[in-house]
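One line per chain: the protein sequences are A and B, in this order.
Sequential numbering from 1 applies to the first sequence in this note's numbering.
Sequential numbering from 1 applies to the second sequence in this note's numbering.
One or more hints might be untrue.
Any copy, or any two copies together, can satisfy a pair, since identical chains are not distinguished.
Said to hold, decoys possible - Derived lysine to aspartate or glutamate pairs resembling EDC-like cross-links, with alpha carbons at most 20 Å apart:
#1 139 / 74
#2 139 / 272
#3 183 / 90
#4 245 / 265
#5 319 / 222
#6 139 / 267
#7 33 / 306
#8 229 / 292
#9 151 / 292
#10 151 / 197
#11 245 / 278
#12 151 / 103
#13 312 / 267
#14 298 / 103
#15 139 / 103
#16 139 / 265
#17 230 / 292
#18 245 / 292
#19 312 / 141
#20 298 / 68
#21 229 / 265
Calculated from the structure, these hints are not laboratory results.
Protein chains: 2
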Amino acid sequence: MASTQDSNDTAPLVLIHRLPRFNISFTHWLRPKFYPLEPSDPSYATLAPSARVLLPVGPTPVDSGTLDLFPAVECVVGSSAGLNHIDLAECRRRGVRVTSAGEAFSDDVADYAIGLLIDVLRRVSAANRFVRAGLWPVKDEYPLGSKLGGKRVGIVGLGSIGSRIATRLEAFGCVIAYNSRNKKASVPFPYYTNVHDLAASSDALIICCALSNETHHIINKDVLTALGKKGVIVNVGRGALVDEKELVQFLVRNEIGGAGLDVFENEPVVPEELYALDNVVLSPHKAVATPESFAAVKEVIIGNLEAFFSNKPLLSQVKSE
Amino acid sequence: MASTQDSNDTAPLVLIHRLPRFNISFTHWLRPKFYPLEPSDPSYATLAPSARVLLPVGPTPVDSGTLDLFPAVECVVGSSAGLNHIDLAECRRRGVRVTSAGEAFSDDVADYAIGLLIDVLRRVSAANRFVRAGLWPVKDEYPLGSKLGGKRVGIVGLGSIGSRIATRLEAFGCVIAYNSRNKKASVPFPYYTNVHDLAASSDALIICCALSNETHHIINKDVLTALGKKGVIVNVGRGALVDEKELVQFLVRNEIGGAGLDVFENEPVVPEELYALDNVVLSPHKAVATPESFAAVKEVIIGNLEAFFSNKPLLSQVKSE
Chain A
1 MASTQDSNDT APLVLIHRLP RFNISFTHWL RPKFYPLEPS DPSYATLAPS ARVLLPVGPT
61 PVDSGTLDLF PAVECVVGSS AGLNHIDLAE CRRRGVRVTS AGEAFSDDVA DYAIGLLIDV
121 LRRVSAANRF VRAGLWPVKD EYPLGSKLGG KRVGIVGLGS IGSRIATRLE AFGCVIAYNS
181 RNKKASVPFP YYTNVHDLAA SSDALIICCA LSNETHHIIN KDVLTALGKK GVIVNVGRGA
241 LVDEKELVQF LVRNEIGGAG LDVFENEPVV PEELYALDNV VLSPHKAVAT PESFAAVKEV
301 IIGNLEAFFS NKPLLSQVKS E
Chain B
1 MASTQDSNDT APLVLIHRLP RFNISFTHWL RPKFYPLEPS DPSYATLAPS ARVLLPVGPT
61 PVDSGTLDLF PAVECVVGSS AGLNHIDLAE CRRRGVRVTS AGEAFSDDVA DYAIGLLIDV
121 LRRVSAANRF VRAGLWPVKD EYPLGSKLGG KRVGIVGLGS IGSRIATRLE AFGCVIAYNS
181 RNKKASVPFP YYTNVHDLAA SSDALIICCA LSNETHHIIN KDVLTALGKK GVIVNVGRGA
241 LVDEKELVQF LVRNEIGGAG LDVFENEPVV PEELYALDNV VLSPHKAVAT PESFAAVKEV
301 IIGNLEAFFS NKPLLSQVKS E
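Isolated chain A (complex conformation) (with noise of 0.2 Å):
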């Protein structure tokens, strides 16, 4: 699969950085325009130290040992809309520039987002299972849902993704307040320091925020006990916005209404508590995951490859703090 670059090729390197277990190759897209440089390549040991770009798959780690092995890298592309696995900070520090997947997959995550709030609120997966199971027939009451209308939603983070989930969220009648490091201007939701405060003022919040120190645990013991009894968590960031501890805690003990998960703190590991419980929907981190979206996170890598080298301004360039 892989072919070396031979001396006709003069293809710019992308050095391809990857976890052993994302072991399939989905760069051959690059090419022609560009040489994915994999390490399984005959010439990589070669070509590597005078690559200036690295694209990390998916939440492949970027560090300073990983800088350190590829000294001429000058910017990290990223593939994904989070970029928690990449070290901003010692990036920045070097000089690094790195951009991110933009808002290819925001459109995905929003409705996802949405689909697990009705599916919580309205009990969909559970119906389904109610239904597979032979049960219609036999028990005549099937527990009431909750009206999506009128509901008070919290969206902790809204940029690219919670904005589009808030414009969703204004079609089905709900009120929409948020959270974020700053207030947005020309946003006409209300506004709230601190996710404690939302939690208590919201019928459910949404976690869409990026994962940083400052917003790991953000959701903790203190704002689900502020959520309160029917309360609803749905969470398609990161698994460690939220102290998962707690959350299955709180859900075993009926202490919030429930919760419907795309990530979790150790993936692909699900606390197993939650296997049993009726209001939860758990789901293998794929809100980003349509045909279309990763169609469009290509277009997005390939635009930032072209424009880095014909130096030109990145297309999704991430901002320094």
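Given chain A, put chain B in place with the hints provided.
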């Protein structure tokens, strides 16, 4: 529970009409303004012949035989959105007015339809099964769903529910078209005079029209063929709008893409072939069911009764064809 109407009780009679399986009293909230006359009431035989209003519980049928039994009835106060269980032509012939639940259920049904569509397209329930079966750590690959944005969604029946579905779909960036008895003025979406042509131009069909002789099996073999291999069906209307045997065959043979079904031809029986399919979401006729919508329908019923007994226009009278 049933207290006989005593000589001081001048509350107007409301004759409660119910299938034996709906044996729970949920008309106590009519008191004390009205006197709900149940078959179990000791005065039933004496009072029923003079009752001017009939309240059929849920889908309890009202046909010419029913109306023969209660000759004083001038108004049938329905408690559901669909009125296919009431013989509207026969009521019209006898000058009996009929009311529906009006818009009490419309938002909830629209929400649920969107929930089912996201679920089928993005495989939410299937993902939930996948995780709960412990497969995530084992099988790295998970079949992709499909993006909602840009999908051409055909709405069959653009009434109170269908128009709310359209509002929601617009926020997701869907391309909307519709079929209904007549083209609606002031609706921007393309109108198709027949469902076959709508299906041929759609990626998904959402069925939310009234069930009548004209719409029985409106989704038949030809329509499913026109919808095509990747097409998705969502039915929140009535089971008999779809030729269920054909639908099952199309799903089993992978001749359409998937289905989200809240209603079935022979409820509570669900064709068992569907249990094995991962691209089908099954739900026990609960799109209408939230505490909020039940409160709203009670208000509509009381409003109609008050209007009837004070000779004012009914709130949600069904128009004659």
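To see whether the hints hold, each was checked on the structure:
1. In the homo-oligomer, the alpha carbons of residue 139 and residue 74 never lie at most 20 Å apart, since the shortest distance is 63 Å inside one protomer and 36 Å across protomers.
2. For a Cα distance limit of 20 Å, the shortest separation of residue 139 from residue 272 across copies, 17 Å, qualifies, whereas the shortest one inside one copy, 27 Å, does not.
3. In this assembly of identical chains, the alpha carbons of residue 183 and residue 90 never lie at most 20 Å apart, being 27 Å within a copy and 61 Å across copies at closest.
4. Within a single copy, residue 245 and residue 265 get their C-alpha atoms as close as 9 Å, which meets the 20 Å cut-off; across copies the closest is 44 Å, which misses it.
5. With identical chains, the CA atoms of residue 319 and residue 222 are never at most 20 Å apart, being 31 Å at best within one copy and 54 Å at best between copies.
6. Taking the closest pair of Cα atoms, residue 139 and residue 267 come within 20 Å of each other only across two copies (13 Å); inside a single copy the shortest separation is 36 Å, beyond that limit.
7. Taking the closest pair of Cα atoms, residue 33 and residue 306 come within 20 Å of each other only inside a single copy of the chain (9 Å); across copies the shortest separation is 75 Å, beyond that limit.
8. Only between protomers do residue 229 and residue 292 lie at most 20 Å apart by alpha-carbon distance; the minimum there is 18 Å, versus 38 Å within a single protomer.
9. Only between protomers do residue 151 and residue 292 lie at most 20 Å apart by alpha-carbon distance; the minimum there is 11 Å, versus 31 Å within a single protomer.
10. Proximity of residue 151 to residue 197 under the C-alpha cut-off of 20 Å is restricted to the intra-copy arrangement: shortest distance 16 Å within a copy versus 38 Å between copies.
11. In the homo-oligomer, the alpha carbons of residue 245 and residue 278 lie at most 20 Å apart inside one protomer (18 Å), although the nearest pairing across protomers, at 31 Å, exceeds that limit.
12. In the homo-oligomer, the alpha carbons of residue 151 and residue 103 lie at most 20 Å apart only across protomers (19 Å), although the nearest pairing inside one protomer, at 27 Å, exceeds that limit.
13. Within a single copy, residue 312 and residue 267 get their C-alpha atoms no closer than 37 Å, and across copies no closer than 62 Å, so neither meets the 20 Å cut-off.
14. In this assembly of identical chains, residue 298 and residue 103 lie within 20 Å of each other by CA distance solely inside one copy; the values are 12 Å within and 45 Å between copies.
15. Proximity of residue 139 and residue 103 under a CA criterion of 20 Å is satisfied in neither setting, with 46 Å inside one chain copy and 28 Å between copies.
16. Taking the closest pair of Cα atoms, residue 139 and residue 265 come within 20 Å of each other only across two copies (19 Å); inside a single copy the shortest separation is 37 Å, beyond that limit.
17. Proximity of residue 230 to residue 292 under the C-alpha cut-off of 20 Å is restricted to the inter-copy arrangement: shortest distance 15 Å between copies versus 35 Å within a copy.
18. With identical chains, the CA atoms of residue 245 and residue 292 are never at most 20 Å apart, being 34 Å at best within one copy and 33 Å at best between copies.
19. When the C-alpha separation of residue 312 and residue 141 is checked against a cutoff of 20 Å, the pair qualifies neither within a copy, at 63 Å, nor between copies, at 36 Å.
20. In this homomeric assembly, residue 298 and residue 68 never come within 20 Å of each other (Cα to Cα): the closest approach is 27 Å inside a single copy and 70 Å across copies.
21. In the homo-oligomer, the alpha carbons of residue 229 and residue 265 never lie at most 20 Å apart, since the shortest distance is 23 Å inside one protomer and 38 Å across protomers.
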